[in-house]
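Colleague: Using the hints provided, position chain B relative to the given structure of chain A.
Protein chains: 2
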Amino acid sequence: MRYGVLGTGMVGQALARRLRELGHEVAMGAREASNEKARAFAAETGGQAMDFAGAAAFGEVIIHATSGAHALEALNQAGAENLAGKVLIDISNALDFSQKPPVLSVVNTDSLGETIQRAFPQARVVKTLCTVNAKVMVDPGRLPGEHVVFLSGNDNGAKKDVRDLLTSFGWTAIIDLGGIEGARAQEMMMPMWLRLWGHLGTPDFNWMLTRRAD
Amino acid sequence: MRYGVLGTGMVGQALARRLRELGHEVAMGAREASNEKARAFAAETGGQAMDFAGAAAFGEVIIHATSGAHALEALNQAGAENLAGKVLIDISNALDFSQKPPVLSVVNTDSLGETIQRAFPQARVVKTLCTVNAKVMVDPGRLPGEHVVFLSGNDNGAKKDVRDLLTSFGWTAIIDLGGIEGARAQEMMMPMWLRLWGHLGTPDFNWMLTRRAD
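Taken in sequence, the protein lines are chains A and B.
Residues in the first sequence are numbered from 5 upward in steps of one, following my numbering.
Residues in the second sequence are numbered from 5 upward in steps of one, following my numbering.
No lab work stands behind these hints, which were simulated from the structure alone.
Here a beta-carbon is modelled for each residue, glycine too, at the ideal position from N, C-alpha and C.
Certain hints may be false.
[Unchecked claim] With the C-beta cut set under 7 Å, the calculated list includes, among others, these residues of chain B facing chain A:
no.: 1; residue: 36
no.: 2; residue: 108
no.: 3; residue: 110
no.: 4; residue: 111
no.: 5; residue: 113
no.: 6; residue: 178
no.: 7; residue: 189
no.: 8; residue: 193
no.: 9; residue: 195
no.: 10; residue: 196
no.: 11; residue: 203
no.: 12; residue: 211
no.: 13; residue: 212
no.: 14; residue: 215
no.: 15; residue: 216
So here's chain A without its partners, still in its complex pose (with noise of 0.2 Å):
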């Protein structure tokens, strides 16, 4: 498969590398294609780099994977017509780190995962991964017991190619959450996330859940 992740940073830097280790072609897209992150990518795993507009029009899957602040702004320079009718992953948070604690610029009756199936209403958004650290993402067997990922997206058949996606990763216990709207729920956990990062001292770690067994 040809994926296009947009974004250099922590998160498009594991999923571009994990993806190249399980042999798809990767397309990493920045702002200029000249971004020396992206070429450092290119160079060390033999994937692409390229501006935003070319690894979206290069991938058959696109992983939004910039910092939530400015996802439209990458998205339309990545181009409507290049994400139409693809599988389009979000995996952003908006958060504002001027206000201690952070906040998020999008929350509670609307969220990131939906502004951008708003403004892009013919890629299939699927929200996910947005609730766990970058290496975890990519590698959940690095945490013991069946910790929990989300989806969260309106076309039932982009879910299924993200689910069989996760599932590549090592994912076992992935929660269909419904439609995009259920991004929210998603997005909302980062404050709680935030905290226990402080409070365990490290960003490696997720939830599991427990229920009653009758």
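Modeller: For chain B alone, kept in the frame of chain A given last:
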């Protein structure tokens, strides 16, 4: 210990009855002391039925278990003078179910816990238990595994008292998230909790944490 439990719904009933089981003196507070549910509690358990002010005056520790939408109204009726200097345990979630999916009426840059602490600066507010179902609150042993509950509050002595109370209910994994502003993180778990209720088909569940061992 003498407890004043404000609220006659599922959460208030579960807590007041559990406190009676543990041998505490309990007054259940309602808008009117003649409230049928409060009187049923009193008749069945040997506790007392009072109005909000009476229950707040009676309790050495106060538990706020009304619906979040009426929190300040109920606490104003309870009276600042009856809350001053006391541990005030806030369990409420301010959900507006007229919207689908339900939304929070206070969120992100504020929380109900903080709102209550600001309105009653002499109360020692601790936010806890709002992330689980009423049955789980008072009987965590009904679920397998070491599942978690959170504390947020500015007063360490108050948090110590609440930790002891939770321990007496059977809680073993009690996570102190810091000051009362951490109530935001707890309250923002509610949208995910509601979706998981739908997904699992039961509210009888909770979160556990897994982390990397090294």
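Colleague: Confirm or reject each hint.
Modeller: Tested hints:
no.	hint	in the structure
1	36	violated, 34 Å
2	108	holds, 6 Å
3	110	violated, 10 Å
4	111	holds, 5 Å
5	113	holds, 5 Å
6	178	violated, 11 Å
7	189	holds, 4 Å
8	193	holds, 6 Å
9	195	holds, 4 Å
10	196	holds, 4 Å
11	203	holds, 6 Å
12	211	holds, 5 Å
13	212	holds, 4 Å
14	215	holds, 4 Å
15	216	holds, 4 Å
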